[in-house]
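A.B. asks: Assemble the whole structure, with the sequences as input and the hints as a guide.
Mapping to the working numbering: the sequence shown position 27 is 27, numbers consecutive.
Read the hints as simulated data drawn from the structure, not as lab findings. Treat each hint with caution, since some may be false.
Unchecked claim - Just the calculated beta-carbon pair ranges, DEER-fashion:
#, residue 1, residue 2, range
1, LEU202, THR115, 21 to 31 Å
2, GLU194, PRO96, 30 to 40 Å
3, GLU75, ASP205, 23 to 33 Å
4, GLN180, GLU71, 38 to 48 Å
5, GLU158, GLY236, 35 to 45 Å
6, GLU71, SER94, 12 to 22 Å
As the list claims (entries may be wrong) - Capping the alpha-carbon separation at 20 Å, the derived lysine to aspartate or glutamate pairs in EDC-like fashion look like this:
#, residue 1, residue 2
7, LYS154, GLU164
8, LYS125, GLU148
9, LYS108, GLU164
Bear in mind the structure is a predicted one, so any value in this text is a computation, not a measurement. C-beta atoms are modelled at their ideal positions from N, C-alpha and C, and glycine is treated no differently.
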Amino acid sequence: MDVRKSSATYERSIKIPSYQNLQKYKPRLVAVSKTKPKELIIDSYNAGQRHFGENYVQELVDKAHDPEILEKCPEICWHFIGLLQRNKVNKIVSIPNIYLVETVESEKVASSLNTAWLKSRKADKKLRVMVQVNTSGEEEKNGCSPAEVASLVKFVLENCKSLEFVGIMTIGKYGYDTSQGLNPDFLSLVQVREEVCKSLGLCADQVELSMGMSDDFEQAIELGSTNVRVGSSIFGYREKKPSTKITEELTEGVHNVKV
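C.D. replies: Laid out in structure tokens, this is it:
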């Protein structure tokens, strides 16, 4: 697969939304590069892609510190989009060019990130974070419930001064047939944003929506997504991995096996 052509195709796609009442700025394309070799990341970067997403802490650490990526991709922006355990936050804050952690799901994780970032970085530079929402209610999905979001956002705003809250994120139910109508997970996230804004006195443009992947990013953009996470359509399909509910130590061990 030619990742340069794929990245360019998706960049064009998100410039031409079908609805006219969308947000004022172009949605951000995050190329999900988990399990993919650095060569594909570099090729995509050379094609103009800047934002990349990784699901596993150790894999992100390895790629972000890779000498070739550091040399050839100086403006790369890393997004962490997987399960984040409190004992891994120190690794996250050490990542060069970390742009956004999209998966804060509890006060404990937020507090740990806040403390670790404050210790490792300059106080005048904040770490961007999103709150992950389990809109589908599936047990295997991470994230807080929609009813808990406003409380968690308030906690971050009031107690985590080294973090910058920028939005909310959902993965949604896999395999939803968009021909059957609007994705209920996307609608739920839009509703959650409305409730958060009303509860905390925020404007909608202060709360980004991270939703939409390869199969449904167009509909997500139509509903207001500002951050779409596209992997297989850019880099090709990958083998299915164990659920993120499995301990991250096991998951990272699998990904570090050399074949």
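A.B. asks: Determine for every hint whether it applies to the structure shown.
C.D. replies: Hints versus structure:
no. : hint                         : verdict
1   : LEU202 to THR115: 21 to 31 Å : holds, 25 Å
2   : GLU194 to PRO96: 30 to 40 Å  : holds, 36 Å
3   : GLU75 to ASP205: 23 to 33 Å  : holds, 25 Å
4   : GLN180 to GLU71: 38 to 48 Å  : holds, 47 Å
5   : GLU158 to GLY236: 35 to 45 Å : holds, 43 Å
6   : GLU71 to SER94: 12 to 22 Å   : holds, 19 Å
7   : LYS154 to GLU164             : holds, 12 Å
8   : LYS125 to GLU148             : violated, 27 Å
9   : LYS108 to GLU164             : holds, 16 Å
The structure fails to meet hint 8 from the earlier list, while all remaining hints are met.
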